[in-house]
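First to last, the protein sequences are chains A, B, C and D.
With the working numbering, the residue at position 7 of the first sequence is 7, and numbering never jumps.
With the working numbering, the residue at position 252 of the second sequence is 252, and numbering never jumps.
With the working numbering, the residue at position 191 of the third sequence is 191, and numbering never jumps.
With the working numbering, the residue at position 132 of the fourth sequence is 132, and numbering never jumps.
Just so you know, the hints here were simulated from the structure itself, not pulled from any lab data.
Keep in mind that the hints are not guaranteed to be accurate.
[Said to hold, decoys possible] Straight-line Cα separation of at most 27 Å, DSSO-like style, residue types lysine-lysine; simulated pairs:
| # | chain 1 | residue 1 | chain 2 | residue 2 |
| --- | --- | --- | --- | --- |
| 1 | A | K322 | D | K288 |
| 2 | C | K295 | B | K24 |
| 3 | A | K351 | C | K351 |
| 4 | C | K288 | B | K238 |
| 5 | C | K322 | B | K295 |
| 6 | D | K295 | A | K276 |
| 7 | A | K295 | D | K236 |
| 8 | C | K38 | B | K276 |
| 9 | C | K24 | B | K322 |
[Claimed, not checked] Just a few of them, taken from the derived set where beta-carbon distance is under 7 Å, the chain C residues facing chain D:
| # | residue |
| --- | --- |
| 10 | S81 |
| 11 | D87 |
| 12 | E337 |
| 13 | M341 |
C-beta: ideal position from N, C-alpha, C; glycine also.
There are 4 protein chains.
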Amino acid sequence: MILKKIGVLVLVLISILSSAQHRKNLYIPDIQGYQTLKCDFHIHTVFSDGDVWPTVRVEEAWLEGLDAIAISDHIEYTPHSADINADFNRSYEIAQPVAESLGVLLIKAAEITRNMPPGHLNTLFIKNANLLERENYMDALVEAKEQGAFIFWNHPGWEEQQPDTTLWWDEHTELFNKGMLHGIEVVNHFSYYPEALGWANEKGLAVLCNSDVHTPVNMVYDLVGSHRPMTLVFAKQKSMESLKEALFAKRTVAYIGNKLYGSSQYMQPLFFNSIKIVGLPVQLQNRKVASVMIKNISDIDYELELVQPPVGFECAENVVLKAHHSTRIELTGNSDEVANMEELLVYYTVKNITTAPGENLVVTLKIHNK
Amino acid sequence: MILKKIGVLVLVLISILSSAQHRKNLYIPDIQGYQTLKCDFHIHTVFSDGDVWPTVRVEEAWLEGLDAIAISDHIEYTPHSADINADFNRSYEIAQPVAESLGVLLIKAAEITRNMPPGHLNTLFIKNANLLERENYMDALVEAKEQGAFIFWNHPGWEEQQPDTTLWWDEHTELFNKGMLHGIEVVNHFSYYPEALGWANEKGLAVLCNSDVHTPVNMVYDLVGSHRPMTLVFAKQKSMESLKEALFAKRTVAYIGNKLYGSSQYMQPLFFNSIKIVGLPVQLQNRKVASVMIKNISDIDYELELVQPPVGFECAENVVLKAHHSTRIELTGNSDEVANMEELLVYYTVKNITTAPGENLVVTLKIHNK
Amino acid sequence: MILKKIGVLVLVLISILSSAQHRKNLYIPDIQGYQTLKCDFHIHTVFSDGDVWPTVRVEEAWLEGLDAIAISDHIEYTPHSADINADFNRSYEIAQPVAESLGVLLIKAAEITRNMPPGHLNTLFIKNANLLERENYMDALVEAKEQGAFIFWNHPGWEEQQPDTTLWWDEHTELFNKGMLHGIEVVNHFSYYPEALGWANEKGLAVLCNSDVHTPVNMVYDLVGSHRPMTLVFAKQKSMESLKEALFAKRTVAYIGNKLYGSSQYMQPLFFNSIKIVGLPVQLQNRKVASVMIKNISDIDYELELVQPPVGFECAENVVLKAHHSTRIELTGNSDEVANMEELLVYYTVKNITTAPGENLVVTLKIHNK
Amino acid sequence: MILKKIGVLVLVLISILSSAQHRKNLYIPDIQGYQTLKCDFHIHTVFSDGDVWPTVRVEEAWLEGLDAIAISDHIEYTPHSADINADFNRSYEIAQPVAESLGVLLIKAAEITRNMPPGHLNTLFIKNANLLERENYMDALVEAKEQGAFIFWNHPGWEEQQPDTTLWWDEHTELFNKGMLHGIEVVNHFSYYPEALGWANEKGLAVLCNSDVHTPVNMVYDLVGSHRPMTLVFAKQKSMESLKEALFAKRTVAYIGNKLYGSSQYMQPLFFNSIKIVGLPVQLQNRKVASVMIKNISDIDYELELVQPPVGFECAENVVLKAHHSTRIELTGNSDEVANMEELLVYYTVKNITTAPGENLVVTLKIHNK
């Protein structure tokens with residue numbers, strides 16, 4: 001039997017080495033002295049209704065370049081219980097050593113899974129998930145709060161629970177008033193809920209964007225060509241403590257596909273730290289064409305649209321600042337004064353950054369002229 | 001609670017729809033009146049030492065275009081048994097309804113997992129895996145045989161068991177003589193065992209090529225750019241019965257990356273059914289250049305190398321018939337007789353098709369000349 | 001000097017071999033006994049305002065899998081004339097031997113380049129381009145007609161010539177009535193002109209879709225991930241004569257990106273020859289779920305949307321039949337009669353196939369039920 | 001006719017905007033206070049035996065992220081001269097305004113094209129290419145030298161000129177001694193000449209790596225998945241003057257595919273500026289496993305192989321530091337002393353960096369331990 005055990009050990013070591021060797025670099029800039037942590041706070045395993053062993057969740061996150069995840073298995077819904085016999089802390093316990101070894105921050109979490117209202121709520125940074133199994137949802141959330149949890153409302157507009165409208169219920173007001181609702185999923189899987197972004201802005205809730213993944217991640221999001229939905233958290237450093245502080249301080253934005261949702265307070269520096277204007281000064285003159293190059297060092301394509309015609313010159317109405325490329329923008333002088341301007345100002349909306357329902361980030365490119 | 005159950009039902013339906021919608025077409029030609037089934041007969045789940053729920057194995061196979069799989073969880077090695085409490089038939093039972101619904105042939109199987117000799121052996125088409133749990137490996141294999149199993153030796157040169165050499169033991173001779181060894185893995189995961197190909201040819205064992213996957217498939221084999229190792233089985237039709245008949249008849253070859261291993265009896269038609277020579281007749285003359293186009297409609301790049309200079313003309317020494325492309329080959333006449341030849345003959349070895357250790361398939365291209 | 005000439009010869013031979021070896025297979029089905037030729041009839045070289053030598057146009061077409069091209073250098077616009085001193089037949093003469101050798105049909109052509117009206121017109125199958133250099137455009141077109149030309153109107157809605165509207169002028173009526181206008185570009189480069197599709201349907205003009213490429217093709221259309229705009233021509237065989245007959249018979253449709261424009265007469269068989277329904281009969285019953293698989297063997301993703309709810313069952317409202325994949329569609333019985341139906345009928349519009357301005361192809365999937 | 005001219009102007013402006021908008025960022029680090037310029041010094045156009053108009057060469061270079069190119073049309077070989085009537089400075093004159101506008105450094109150059117010896121030589125930074133057309137090659141090179149040219153030997157082992165061996169001739173010694181040979185192509189197109197690397201090291205010649213491209217670049221090198229061969233030049237800044245200074249100072253290395261050739265003096269900082277070791281200190285102990293992460297921010301995959309077993313611990317024999325990924329390396333303590341080591345030292349050869357024929361760069365990874 002000793003031989004067999006050695007075999008086992010070897011198998012496990014090989015598995016870690018072969019499946020988790022190359023971690024993708026994500027190029028999302030840090031801002032304002034904060035480190036931008038790439039996170040997914042809503043993930044399932046076989047210990048509730050997911051399809052993979054908990055360690056896979058850590059390995060996937062590591063491979064994809066994520067900094068932190070929460071495994072949030074359902075408390076009230078465990079369809080594999082005929083075969084899997086474990087308490088609600090178990091998926092965390094299994095995944096934690098691999099997280100430790102790979103340097104991924106693994107948050108202890110659980111999903112409280114109820115009919116609407118209040119629907120599904122994730123509790124992060126809990127200490128004992130078993131204590132959240134309560135008849136009454138309010139008792140469960142009080143317990144979570146006492147454990148110091150960061151609590152957020154999942155997929156508020158999920159069509160199974162709110163098929164026609166996305167409503168905020170009195171129960172959510174009560175939770176919010178009692179300090180038991182700190183964030184809301186503005187994006188879950190492939191769905192964006194504009195109402196949720198409005199409430200986040202209005203009430204000061206943290207904006208969350210999570211995968212809610214049940215299958216292997218790559219079955220849904222291709223590692224090469226796309227990325228899973230992520231919550232970007234602006235933390236003082238990469239540590240559990242800093243992450244928690246940042247979440248309670250609501251320093252987050254949503255990142256899905258090529259779209260970003262959240263406050264312009266974070267979007268402005270995220271945009272400007274992604275780009276660099278080169279080829280200055282342009283020395284534009286009337287009836288002449290000059291050009292400027294905007295180098296984008298991030299993974300995000302920024303889709304710009306002119307807000308209003310610039311003064312003294314013309315430039316492209318629509319520009320895409322393609323990720324990891326430098327984009328050339330031509331400027332054509334249309335007045336004599338342009339030669340004397342210190343700076344040329346161009347006002348663009350960034351169509352892939354939404355700061356409020358129906359509103360896009362507006363940025364001002366200041367182009368050094370002479 | 002009824003509401004909750006409905007929620008559950010909906011969750012499950014959504015999961016099947018969203019994760020298994022587009023199945024990749026594999027372009028591997030049928031041969032000689034047989035249908036070419038794409039199969040993987042060595043796969044693990046959380047019910048032994050794998051990382052995914054059994055249903056994932058079926059969904060992955062469906063997405064990748066496979067026709068048949070065997071989930072072959074270990075009998076003697078179940079490291080998740082502290083959490084998972086189930087008998088050895090359970091992974092099959094869970095996966096079978098999804099296989100039924102997606103049209104994937106799911107073979108009931110198990111891996112007998114012993115020290116060398118005889119090492120690890122997969123038993124396919126068994127009826128009750130629980131009866132294979134025996135102190136003595138021979139008892140287990142006798143039981144498998146009585147259940148009608150197709151039995152093959154896994155990763156015969158696995159470095160954990162045969163670090164320096166790949167040896168055939170007396171125990172394997174005994175199994176073979178007793179009709180309890182029908183095939184051998186010539187390829188397991190990324191490893192090719194030339195000795196195993198030699199034994200397969202010599203003793204008439206079926207050539208097997210399997211993934212032995214433990215993690216989600218896409219964590220190892222990228223869906224887009226590569227494919228998992230497959231055993232190609234030439235079956236009378238796509239049914240469990242035909243598959244079994246074909247395996248016992250040893251009508252198989254190994255397919256990994258762009259390489260194929262197995263008998264020229266199957267490789268010849270596989271090659272010639274993949275290509276079509278167009279642009280005929282070429283009407284080649286001395287000191288003239290003519291060209292022929294070879295259209296490859298398969299997923300396989302064929303890498304050709306000239307065996308000997310052709311008679312009457314010259315042509316490229318190395319040619320790759322790229323998958324899903326048509327390749328142009330130039331012929332240059334170097335004798336007056338060439339104009340009178342009915343057919344131009346070119347002898348190529350196919351470097352990515354191995355028919356015996358160190359031997360490649362040789363094909364004769366017959367180019368209609370006049 | 002002899003040595004130098006040999007050096008030259010060698011250079012040229014190497015160049016053809018290395019740059020034109022693997023031709024992409026395009027998977028666009030043939031229809032109704034016709035061969036579907038993939039064509040581009042609007043292409044420039046350095047002999048007018050293009051950027052490449054004529055031979056490159058043939059090599060690019062060959063690599064991309066095109067069957068026929070027309071090099072249509074401008075008659076009235078030759079900005080490189082300070083350096084290039086040649087008549088209007090020259091680009092054809094240079095390219096023709098390479099076309100011959102690679103088996104690409106090269107149509108002798110020219111672009112008559114005038115202000116609006118009548119704008120730019122391409123003349124195909126001409127005999128002598130030099131005779132088209134005339135002060136008056138009508139004289140040039142009369143000459144082209146006498147040479148047997150197929151004449152079509154290029155980019156009718158080009159913003160440089162018709163910035164605000166896309167108008168049909170009296171001059172076009174005159175040309176049409178005189179038999180000097182046989183086709184119209186419904187797509188030029190990246191632009192689709194709905195008015196042109198309307199006129200083509202109304203007046204019986206051939207639908208054309210061309211690249212109008214000036215730079216190397218790959219600088220605009222990536223060989224791997226996309227394809228240049230193509231006119232699909234349904235010809236009796238791949239020959240210059242058949243191509244000409246098919247064009248005058250107006251058997252064409254436009255193919256750009258994943259979109260197709262043209263008559264449902266050709267779109268219906270194109271769609272149905274691209275797919276194969278498998279897994280029949282489905283044997284659907286009330287309150288049961290059955291599924292059907294639609295295998296798409298073409299390069300085109302078909303984007304389906306339900307026209308109306310089917311009778312007796314429900315099925316997905318939106319389905320993409322992904323290229324080179326098999327797509328699974330679930331059917332849910334909602335009446336007792338469904339079990340007795342011989343065929344289940346599903347009416348879908350194909351959103352990426354436009355048959356008239358604002359109108360999509362409608363197809364009826366007939367699913368064998370029992 | 002004024003209208004037509006306006007049309008022309010518009011056509012040209014559109015062409016620049018549409019074909020040259022997104023320039024790829026190349027991630028090759030700067031070193032030692034120098035800027036790493038990405039260059040190709042051997043390129044042809046229709047003005048000698050190339051296939052594209054000179055402006056295309058600048059646009060291609062810009063799109064691919066190159067900093068500098070030399071268009072080096074042949075003096076003695078102009079196969080398009082029946083159609084193109086221009087002097088040897090013409091391709092430069094045509095390309096220069098586009099280079100100016102796009103910010104690409106365009107070097108005036110020409111290729112002196114002779115039988116062996118001395119074969120083909122490129123002359124960069126010349127003032128008047130017409131003066132290089134001389135009966136005697138020595139006269140041409142003297143003229144080039146007087147114009148201040150940087151002169152290098154092209155494809156020294158080209159099989160057309162040196163089919164069996166790559167020899168250094170007396171004529172090259174003469175040129176070298178007279179200060180008329182400053183560099184040598186160690187790589188031309190897809191060919192690497194080890195002898196040339198030896199001579200470069202021995203005699204202090206600049207290492208060159210050029211495409212010698214005749215067709216459109218993307219017909220040979222796919223923009224997305226690969227890059228053309230480049231000479232990396234370590235210049236004080238991006239200017240013509242600095243580039244020239246750096247070339248004469250021989251601060252160059254060759255970069256083709258994933259391989260680099262050149263002096264370890266530049267390779268050492270190139271390697272170490274590409275990577276960052278994170279997760280320190282590792283605090284390794286006997287019989288324990290610790291891990292270190294190496295983040296590679298460059299486009300280059302570094303392929304490492306252990307030179308000798310480390311002292312006090314074991315680590316992976318073969319490691320690939322994948323471009324734009326972070327690679328995890330496990331260290332296993334095998335002595336008690338390891339816990340007391342300040343630094344753990346690992347000696348790797350970098351198999352894709354060649355510093356002399358048959359010799360690879362050796363790097364020492366210093367891993368902070370406690």
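Hint check results:
{"no.": "1", "hint": "A:K322 with D:K288", "in the structure": "violated (45 Å)"}
{"no.": "2", "hint": "C:K295 with B:K24", "in the structure": "holds (9 Å)"}
{"no.": "3", "hint": "A:K351 with C:K351", "in the structure": "holds (25 Å)"}
{"no.": "4", "hint": "C:K288 with B:K238", "in the structure": "holds (25 Å)"}
{"no.": "5", "hint": "C:K322 with B:K295", "in the structure": "holds (24 Å)"}
{"no.": "6", "hint": "D:K295 with A:K276", "in the structure": "holds (23 Å)"}
{"no.": "7", "hint": "A:K295 with D:K236", "in the structure": "holds (21 Å)"}
{"no.": "8", "hint": "C:K38 with B:K276", "in the structure": "holds (20 Å)"}
{"no.": "9", "hint": "C:K24 with B:K322", "in the structure": "holds (9 Å)"}
{"no.": "10", "hint": "S81", "in the structure": "violated (10 Å)"}
{"no.": "11", "hint": "D87", "in the structure": "violated (10 Å)"}
{"no.": "12", "hint": "E337", "in the structure": "violated (54 Å)"}
{"no.": "13", "hint": "M341", "in the structure": "violated (49 Å)"}
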